[in-house]
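S.K.: Listed below, chain by chain, are the residues.
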Amino acid sequence: MKRVTSRVLLAIAVLLPSSAQAQWSTTYEQFYLPGAFNFEFRKNYPAADRLFNAFDYGHAILYERLWTKPSAPASDLEDKEFEFITRHLLVNPPNLPLEEGAIEIAYVKLAPEAKMMFEWAHLLHRQIYDVLADERLSATQKDAKVQEIIRYYKTRKDLAFSSVPKSMELMEGQPYSLAFRKKYPKFNGLIWAYHWLQVGLYEPLIAGKNKDERQSGVAATVTRFRQMIEQPPTWMPRVMPMTPAVAPLFTARYPEAAIIFDNLHSMHDVISDILANPSVSRSQKRAEILKAASRYRDNTSFVMTPDEWREMATMMGVQNMGGPARGFLASFPTPTVERGAVMSHAAMPGMANMPGMQHGAAPAAAPGSMPGMDHSTMPMATDSSKTMDHSSMPGMSGASSNAVAAGNDMAALHKRMMADPVIRARVNADPVMRRMMQNAMNKTSTPTAGRTRATTTKRAAPTTKRASATTKKVAPTTKKAAPKPAAAKPKPKPKVDPMAGMDHSKMDMPPKK
Amino acid sequence: MNPQIQYRNKSFVAWPRFVTRVLSTAILFCAPVTAAAQTDYYNTDTGRPLTVEDASATERYAFELQLAPLRLERSRGVYRWEVEPEIAYGIFPRTQLEIGFPLSYVDLGLGSSKSGLGGVGIALLHNLNVETSIPALAIAGDVLLPVGSLAPDDAVFSAKGIATRTFQWARFHLNGQYSFGADDVAADADDDAGSEVSRWLAGVAVDRTFPLRSMLIGAEVFAEKGRFTGAETRWSAAFGVRRQLSPAFNVDAGIGKQLNGDDRSWFATFGLAHAFALRSLLPGR
Numbered sequence: 168m169k170r171v172t173s174r175v176l177l178a179i180a181v182l183l184p185s186s187a188q189a190q191w192s193t194t195y196e197q198f199y200l201p202g203a204f205n206f207e208f209r210k211n212y213p214a215a216d217r218l219f220n221a222f223d224y225g226h227a228i229l230y231e232r233l234w235t236k237p238s239a240p241a242s243d244l245e246d247k248e249f250e251f252i253t254r255h256l257l258v259n260p261p262n263l264p265l266e267e268g269a270i271e272i273a274y275v276k277l278a279p280e281a282k283m284m285f286e287w288a289h290l291l292h293r294q295i296y297d298v299l300a301d302e303r304l305s306a307t308q309k310d311a312k313v314q315e316i317i318r319y320y321k322t323r324k325d326l327a328f329s330s331v332p333k334s335m336e337l338m339e340g341q342p343y344s345l346a347f348r349k350k351y352p353k354f355n356g357l358i359w360a361y362h363w364l365q366v367g368l369y370e371p372l373i374a375g376k377n378k379d380e381r382q383s384g385v386a387a388t389v390t391r392f393r394q395m396i397e398q399p400p401t402w403m404p405r406v407m408p409m410t411p412a413v414a415p416l417f418t419a420r421y422p423e424a425a426i427i428f429d430n431l432h433s434m435h436d437v438i439s440d441i442l443a444n445p446s447v448s449r450s451q452k453r454a455e456i457l458k459a460a461s462r463y464r465d466n467t468s469f470v471m472t473p474d475e476w477r478e479m480a481t482m483m484g485v486q487n488m489g490g491p492a493r494g495f496l497a498s499f500p501t502p503t504v505e506r507g508a509v510m511s512h513a514a515m516p517g518m519a520n521m522p523g524m525q526h527g528a529a530p531a532a533a534p535g536s537m538p539g540m541d542h543s544t545m546p547m548a549t550d551s552s553k554t555m556d557h558s559s560m561p562g563m564s565g566a567s568s569n570a571v572a573a574g575n576d577m578a579a580l581h582k583r584m585m586a587d588p589v590i591r592a593r594v595n596a597d598p599v600m601r602r603m604m605q606n607a608m609n610k611t612s613t614p615t616a617g618r619t620r621a622t623t624t625k626r627a628a629p630t631t632k633r634a635s636a637t638t639k640k641v642a643p644t645t646k647k648a649a650p651k652p653a654a655a656k657p658k659p660k661p662k663v664d665p666m667a668g669m670d671h672s673k674m675d676m677p678p679k680k
Numbered sequence: 005m006n007p008q009i010q011y012r013n014k015s016f017v018a019w020p021r022f023v024t025r026v027l028s029t030a031i032l033f034c035a036p037v038t039a040a041a042q043t044d045y046y047n048t049d050t051g052r053p054l055t056v057e058d059a060s061a062t063e064r065y066a067f068e069l070q071l072a073p074l075r076l077e078r079s080r081g082v083y084r085w086e087v088e089p090e091i092a093y094g095i096f097p098r099t100q101l102e103i104g105f106p107l108s109y110v111d112l113g114l115g116s117s118k119s120g121l122g123g124v125g126i127a128l129l130h131n132l133n134v135e136t137s138i139p140a141l142a143i144a145g146d147v148l149l150p151v152g153s154l155a156p157d158d159a160v161f162s163a164k165g166i167a168t169r170t171f172q173w174a175r176f177h178l179n180g181q182y183s184f185g186a187d188d189v190a191a192d193a194d195d196d197a198g199s200e201v202s203r204w205l206a207g208v209a210v211d212r213t214f215p216l217r218s219m220l221i222g223a224e225v226f227a228e229k230g231r232f233t234g235a236e237t238r239w240s241a242a243f244g245v246r247r248q249l250s251p252a253f254n255v256d257a258g259i260g261k262q263l264n265g266d267d268r269s270w271f272a273t274f275g276l277a278h279a280f281a282l283r284s285l286l287p288g289r
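Chains P and H, in that order, give the protein sequences.
For the first sequence, the tail end lands on 680 under the numbering used here, and the numbers increase by one without skipping.
For the second sequence, the tail end lands on 289 under the numbering used here, and the numbers increase by one without skipping.
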């Protein structure tokens, strides 16, 4: 009988056209981990729980519109759908988790496997909220239960996102990348605001010492989210919110979950790009989605170390991600990059997998001119013993014009970054970042001529070029400083010493050989 | 449960204590389960609320308990009540095993009544694929065992094919089922207190979902032929609603009418389903 069945199936497989075979999907749903903690978040934090139900709709309708109406004007999503979501749905969110398959009807037929991956990871999200919201569990019990939930999540290897961090190259360096954020900046900001809350809400749940603190903390974070979408897209995240930046407590306590969620949110963006980018033909979209999904599941492609991942999050800046999820001021922090900026840390030490990070692409708070940031005029030591001989550096090929160009880009990048008071303050406050910046300076600055000779690797060089190109493209928009909310604090005046704490003359420079 | 296995019983006119007992038993049965979970209004089952179902199976590792699947039928001024508690389990990926206990209360008139088990139904449904450009397809097989005072004399085996196709504005489901074995020599629903199983059934249903309300409405038309000598093809139409009450419960209700034949009966259904899982059956410990 078994043999007959096999032959029948084989015959069917042979007879089916190849396109049909490619569409034959056998993915399946699985129940989530049962336990007394189930629905505790819903019970204790109903307002936040309902918001997440509304988020289900936002994700689903986005994919559905992108797939079914590729030629529709951007206003369909940017205005109509956005208005409905922010003025109605988020104001009065559904009481129950939504069946996304009933919203993204056509999309789910295109890539049910990807839809199932999202659903499985969203369950992980919700289950962890439930555990953290369960007042009957001690901190130790919560930790154990979260670990159990993660173990259960990972039993579905066909659905589980990798718990190895993926580089930005996977999200921003593909041929289809960035299409969505460019065409739909407002809706993209909304999705990132969702992701901000989805990871940010863990913070008050962890930081709160008792139920009252958790309740008030969650309420504050939810209120912050609502503020974030009040004047779209002004205060929405400008880059993808990274869990280590937005939810540092959660990341420290459950790093594996934090990585999974960043991979999840990253893949959300990737699918948006695939669907929004007309250069990917409709017949290729399913294949591209499945390819991306496979990359987000494996532990080998586009990976970076957890340290690099944390560093990347720090470098991207929480102020560009909507700000911290707790302990925030009344006003939003001033973003330092242009909306949708590409993250390119490729040329930075330890950040080889992060192409993009175009800080030079327009720090909103930093105009093109950078007083006090002319490296050529910096009081650098003239002691010949501290003069760098770049030609002797590893990876340097003497006065290669490419290297010089890349070095110039790097110097420009550095100058623009350091001209921003927020970045400067952050760098100064963070020993790791400061050391990295010093290292970068070591590799790019020549003290006397003010020229840079980069030590970019072959891998990083093209990315640097791309970052440079984008810098030029978006530079004019940098003058449009984001409007501040009424409660915003006045912009800090430039300090007398724009390089406070960053006296390059005191940097450790490599000894001359 | 198998739509073919329709347990047509003698009528009773009042809501009997029997039904109350069944409900209480069912609720008690699920009460010890601490693992509340999510059931799915979007995944329709036979009789919940329509006879024609979709091609989805119960989620892997999930139990779905039909707490109070009631059916009221009125024919020639006589009311018939049926209750069939059943439980389904996602035993394999895209595969559910289901067992049902059709309980009947029959008012034979003149103060006499009869109640009992109308058999034990065991069904296996396997979803072959998730819908893409290809409709979702499923196959199912079931058996109604001759257990209980109102059960058929012999076990009845049936096979079924299901297809589901989703469009922007509605989903369509196609069901076709055939029961094996010889015809009964004679059967009359009014005389026989036991079950009546159709020889074949074919039907189509359409439903429309209101996702923000976690609700769907559906309608169906189906034809069936009795499994006894001289049976005629009966056509019926029905309308139903299914709604999620909470993450763990959903409720359904339906109403329908037989379109041809002498009696042209109408019927109404009501159901409440609860989903849960048992940690000991799940991996990842």
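Keep in mind the hints are simulated off the structure, nothing from the lab.
Please note that a few of the clues may not be correct.
Unchecked claim - Reference listing, derived: stretches of chain H covered by chain P, where coverage requires no fewer than 3 residues with Cβ under 8 Å from a Cβ of chain P: (1) 88-102; (2) 209-217.
To be verified - On the chain H side, residues computed to face chain P include the following (Cβ under 10 Å): (3) Y65; (4) I138; (5) D157; (6) D158; (7) Q172; (8) D187; (9) R268.
What the hints assert, rightly or not - Reference excerpt, derived from the structure (chain H facing chain P, CB under 8 Å, subset only): (10) E63; (11) R64; (12) A66; (13) S116; (14) I126; (15) H130; (16) N133; (17) T136; (18) D188; (19) A281; (20) R283; (21) P287.
Note that CB positions come from ideal geometry on N, CA and C, so glycine has one too.
S.K.: Evaluate each hint against the coordinates.
M.R.: The hints, checked one at a time:
no., hint, result
1, 88-102, "holds (count 3)"
2, 209-217, "holds (count 4)"
3, Y65, "holds (4 Å)"
4, I138, "holds (5 Å)"
5, D157, "violated (29 Å)"
6, D158, "violated (24 Å)"
7, Q172, "holds (6 Å)"
8, D187, "violated (28 Å)"
9, R268, "violated (35 Å)"
10, E63, "holds (4 Å)"
11, R64, "holds (4 Å)"
12, A66, "holds (4 Å)"
13, S116, "violated (46 Å)"
14, I126, "violated (20 Å)"
15, H130, "violated (11 Å)"
16, N133, "holds (6 Å)"
17, T136, "holds (4 Å)"
18, D188, "violated (30 Å)"
19, A281, "holds (4 Å)"
20, R283, "holds (5 Å)"
21, P287, "holds (5 Å)"
Hint check: violations occur at hints 5, 6, 8, 9, 13, 14, 15 and 18; the rest are consistent with the structure.
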